[in-house]
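Number of protein chains: 4
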Amino acid sequence: MDIKELSQQIIKFRDQRNWKQFHKTKDLLLGLDIEVSELMELFLWKSNSEIDQVPKEKIKHELADIFIYLAYVAEKFDVDLEEAIIAKIELNGQKYPVSKSFGSHKKYNEL
Amino acid sequence: MDIKELSQQIIKFRDQRNWKQFHKTKDLLLGLDIEVSELMELFLWKSNSEIDQVPKEKIKHELADIFIYLAYVAEKFDVDLEEAIIAKIELNGQKYPVSKSFGSHKKYNEL
Amino acid sequence: MDIKELSQQIIKFRDQRNWKQFHKTKDLLLGLDIEVSELMELFLWKSNSEIDQVPKEKIKHELADIFIYLAYVAEKFDVDLEEAIIAKIELNGQKYPVSKSFGSHKKYNEL
Amino acid sequence: MDIKELSQQIIKFRDQRNWKQFHKTKDLLLGLDIEVSELMELFLWKSNSEIDQVPKEKIKHELADIFIYLAYVAEKFDVDLEEAIIAKIELNGQKYPVSKSFGSHKKYNEL
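Protein chains in written order, with our numbering: chain Y, 1 to 111; chain G, 1 to 111; chain V, 1 to 111; chain R, 1 to 111.
Here chain Y stands alone, though its shape is the one from the complex (with noise of 0.2 Å):
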């Protein structure tokens, strides 16, 4: 299934409960917000040997939840996901040049 599919099906199961009308814009990036954090509360204090130890089922739901605001997000302002994906992909290509950035965490502005 590709990224529209899934985006879809997120749409649809929005839909048959009649849930755009709450959709506002800063209403999804506060929500989208929220899920990071509770992928991150997975994390939190532990060293890494605890962090082997979260269970992958827990990581899964969380990650999924980011998508779907993603999915809601794109839907709101009609981006196509992929397309968006494949273009910041090559975007980061000149931005980060392998010659330049190679082995550096340093910002494109700083390279």
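Any given hint might turn out to be false.
Identical copies go unnamed one by one, so any copy, or any two together, can satisfy a pair.
Straight-line Cα separation of at most 27 Å, DSSO-like style, residue types lysine-lysine; simulated pairs [unchecked claim]:
no. : residue 1 : residue 2
1   : Lys24     : Lys4
2   : Lys107    : Lys95
3   : Lys26     : Lys4
4   : Lys60     : Lys12
5   : Lys76     : Lys12
6   : Lys60     : Lys88
7   : Lys4      : Lys88
8   : Lys60     : Lys4
9   : Lys88     : Lys100
10  : Lys88     : Lys107
11  : Lys26     : Lys60
12  : Lys24     : Lys12
13  : Lys76     : Lys26
14  : Lys95     : Lys56
15  : Lys46     : Lys100
16  : Lys4      : Lys56
17  : Lys12     : Lys100
18  : Lys24     : Lys46
By construction, these hints were calculated from the structure, which means they are not laboratory data.
Source: prediction; values computed, not measured.
With chain Y held as given, fit chains G, V and R onto it using these hints.
Just chains G, V and R now, kept in the frame of chain Y:
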């Protein structure tokens, strides 16, 4: 292109730059959150009519950046994003049955 | 009680529980962000009239939690919060002179 | 200077610029989160020795910005921050008694 192929491109990009060494779990979480904030910045303080004028190109870039971090975290924990999303949509269907959640923004534990 | 005394109480609370060992910089940042999300959760999806009904007690708790993390980070980097705030208000006065910023939500570099 | 006086200076600064009109609850939450991300950016990808070299001046500015948003939200909901913090420290003392929480990073509901 499906999510697996997109993710593979993202990981290839990372490995060509030898960036995996920096991608500790907590740094990926910080990075993910920073990208969400960059999306927020596009809309901060804006009225509905101002929101409509935010350049779609910028929204696309920020959504893509968020997905890129999702792909990084998924790879770190060996999560198949597509499978995780499909499973979560199903789980959400159980937590939010249409009959109880129609037109309501309550959390599943308050329905 | 001034900020210094409040911060000292917070640090004393931490040390009585031997928690400093967990307070690595990146964990404090995750913790701070999680608290901000808990504040967000009180308001998510809510209309203005629903916002007015959020229990003030809950808002107080979340604001306090955010401050507690601020105090943790400040102590870690030996920052005098009060002095930092006073200095920032002054700096903001230079970045946002009344004549240029009155009634505008533009960032200082766009004024 | 106590928190009340600092907060009053922050509110005076806001009112001199006629910014209250922009300070809707959800925008303040987005703004608060953006400031937390700016603090995060100072530390992203950095090793412990690199963290030690982050300019203290930058940390001070970001901590102050976060406090400024705290003061904005507190004013909006008529919260006395100092009182809220003192009350929360006491509540946390009940949730995290020293005997149970010493040397543990568990949440109070898992102790």
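What hints, given by number in increasing order, does this structure fail?
Violated: none.
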